[in-house]
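Peer 1: Model the placement of chain S on the given structure of chain P, informed by the hints.
2 protein chains.
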Amino acid sequence: MSLKNDLILRAARGGKTERTPVWIMRQAGRILPEYRAVRDRLSGFKELVKTPELAAEVTIQPVDILGVDAAIIFSDILVIPEAMGLTYEMVEKKGPYFPQTIHSQSDLLKIETGDPDKRNYVYKAIEITKNKLDGRVPIIGFAGAPWTIFSYMVEGGGSKTFSKARRLLYTNAAMADQLLGMITESTIGYLKHQIQAGAEMVQIFDSWAGILPPDHYTRFGLEYISKICDAISEVPVTVFAKGAWWAMEEINTLSCQTVGLDWNMNPKKAKRKLPNKTLQGNLDPCVFYADDHSIKTEVKKMLHAFEGHPHIANLGHGIYPDTDPEKVKYFVECVKELSHQR
Amino acid sequence: MSLKNDLILRAARGGKTERTPVWIMRQAGRILPEYRAVRDRLSGFKELVKTPELAAEVTIQPVDILGVDAAIIFSDILVIPEAMGLTYEMVEKKGPYFPQTIHSQSDLLKIETGDPDKRNYVYKAIEITKNKLDGRVPIIGFAGAPWTIFSYMVEGGGSKTFSKARRLLYTNAAMADQLLGMITESTIGYLKHQIQAGAEMVQIFDSWAGILPPDHYTRFGLEYISKICDAISEVPVTVFAKGAWWAMEEINTLSCQTVGLDWNMNPKKAKRKLPNKTLQGNLDPCVFYADDHSIKTEVKKMLHAFEGHPHIANLGHGIYPDTDPEKVKYFVECVKELSHQR
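Chains as they are written, first to last, in this note's numbering: chain P, 17 to 358; chain S, 17 to 358.
If you are wondering where the hints come from, they were derived from the structure by calculation, not from laboratory data. Hints may contain errors.
Heads up, the list lumps identical chains together, so a pair's fine if it works in one copy or across two of them.
Computed cross-link-like contacts, SDA-like style, restricted to lysine to any residue with a CA-CA straight-line distance of at most 25 Å [unchecked claim]:
id, residue 1, residue 2
1, K316, H209
2, K284, G226
3, K284, N268
4, K148, M106
Bound conformation, chain P alone (with noise of 0.2 Å):
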């Protein structure tokens, strides 16, 4: 079936577009009043990721309800560690954890590459979101980069100083190289299943970027993105390494199409930085704490600091889950409103 609103893959792409196409970082989840009312009926998040019907039905609802250019599939970066072997839980309100972690060259026995059929309820999941969808939006894609993936392995949860899994990259840098290795291998499995079941576009998650110092983003992080990169020409590749302003250059030669920025990111410096490269953000998501009127004036700003150069309108991270869907309508609607008139 054909698109009906492929703005998004266009923009992506670098071509021009009448008017600048917009989604939002986890548009489909808490905020949505009708999202906590399927995730209540469940166990958890995890039964939620598992379901392929329900997960396909909170992902369509942002379309619906907030009317983005994309839905985004509803699943969790940490399908790939699990599917690895190594399974985690959902802690309310404090996040994932993971009994078993990874310290030593023996640990690695405990894992593989996995086997992509493990991972079939995000391919099913993706199938009925796009049967559902009839054209109506592109479907993404994701995963979490290596990285980022071998930091929850590492440390088996959330960090503030990623210590664990930083001292690995000092202590036993080839055991590191063999995990980041096993988990891009299998990211590449994954992905490339995900776009066989529909997936128009793929972003990579690199969320723990900005902890390293720039040589070690260089060696660990973005060696193994470029790979990912390398590997998927089905689709359009979005890569989001949050915080790592140091590397834009680094990042403008990889072979994805889009670049994400957060929230510090100068537009005007990542075009000069991202020639090559479609970008995608940045707005704060505590801009829709505020009125109206000065989330309409931040929606200029962002649209004036990207004039001139392909975008896609999008929050510098995930959106707070504290957030009014009412006024991320009205995000949208400004983008779609001022964009056009441009």
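Peer 2: Chain S in isolation, oriented as in the chain P frame:
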């Protein structure tokens, strides 16, 4: 009494020194068994902060044990909100917790700029330290930057997103300015008293600088740091705006002498963007997990990167509590030995 080792003060003022001075953020603390022995005799962290004789003892420990070129007074940035009327508890392994927080204009009535005398225990600790050090090395005083203190007073503790504090900047800028102004006034008085008591240098820690969008950091962060810098002319001032890599040009215009860099920041770029400032930093604290050979290599790289610019060696962040003190001693020796040869 005259100082026997004033390397750090001369470096801070931009002078040439026979070798690079070195100290370590959080050098007085959990990494030293000698510190833990003192701490274990007490009810908690806050009792140690409020007992001048013991605070002085742990302040001097790293000078004796690690061989650093300065003592930083053992205290806490949260003595300011406490003196302003918000008491806090230090929860073991979790961090600070404020039962009362500031959210509205009327909450401002609960607090006051703060009688400097309420922090007498800090000044007393500096006096004792000064006496005991007998001029061996200078004493560094410190305070949190207004934005960081504001965050704690609004959030009531640490946060992943700081969305309550950041929300206020969008929804009630006038009130935010009022609170930031009160914190600034309180901090200026506090630092001046520390200097009177014997601090020969002061550092302003803006731990949460990196969370703000650049325009907000200019408006709500640097605006107030600038007032503090302008008010303190007695001793050299160091500004450490963690994560605010985009603000280097603006920070170069502050009337401070030294600028702290975190481990993401490129010293070569910093030298260009901060031509008027001594630079402090910026080894990755995770380097201490590596073997001696790697530590030496990293120190060499750091010294080389800062070459030709006034430099105070340090980490790019507070040292992690599980660091082996032997590694830290080795780091200090490496800086002394390698910078002497240059």
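Peer 1: Now, for every hint given, state plainly whether the structure supports it.
Peer 2: Right, here's what the structure says about each hint:
In this assembly of identical chains, the alpha carbons of K316 and H209 never lie at most 25 Å apart, being 38 Å within a copy and 46 Å across copies at closest. Taking the shortest alpha-carbon separations for K284 and G226, both the intra-copy value of 20 Å and the inter-copy value of 19 Å come in at or below 25 Å. In this assembly of identical chains, the alpha carbons of K284 and N268 lie at most 25 Å apart whether taken from the same copy (15 Å) or from different copies (21 Å). In the homo-oligomer, the alpha carbons of K148 and M106 never lie at most 25 Å apart, since the shortest distance is 28 Å inside one protomer and 52 Å across protomers.
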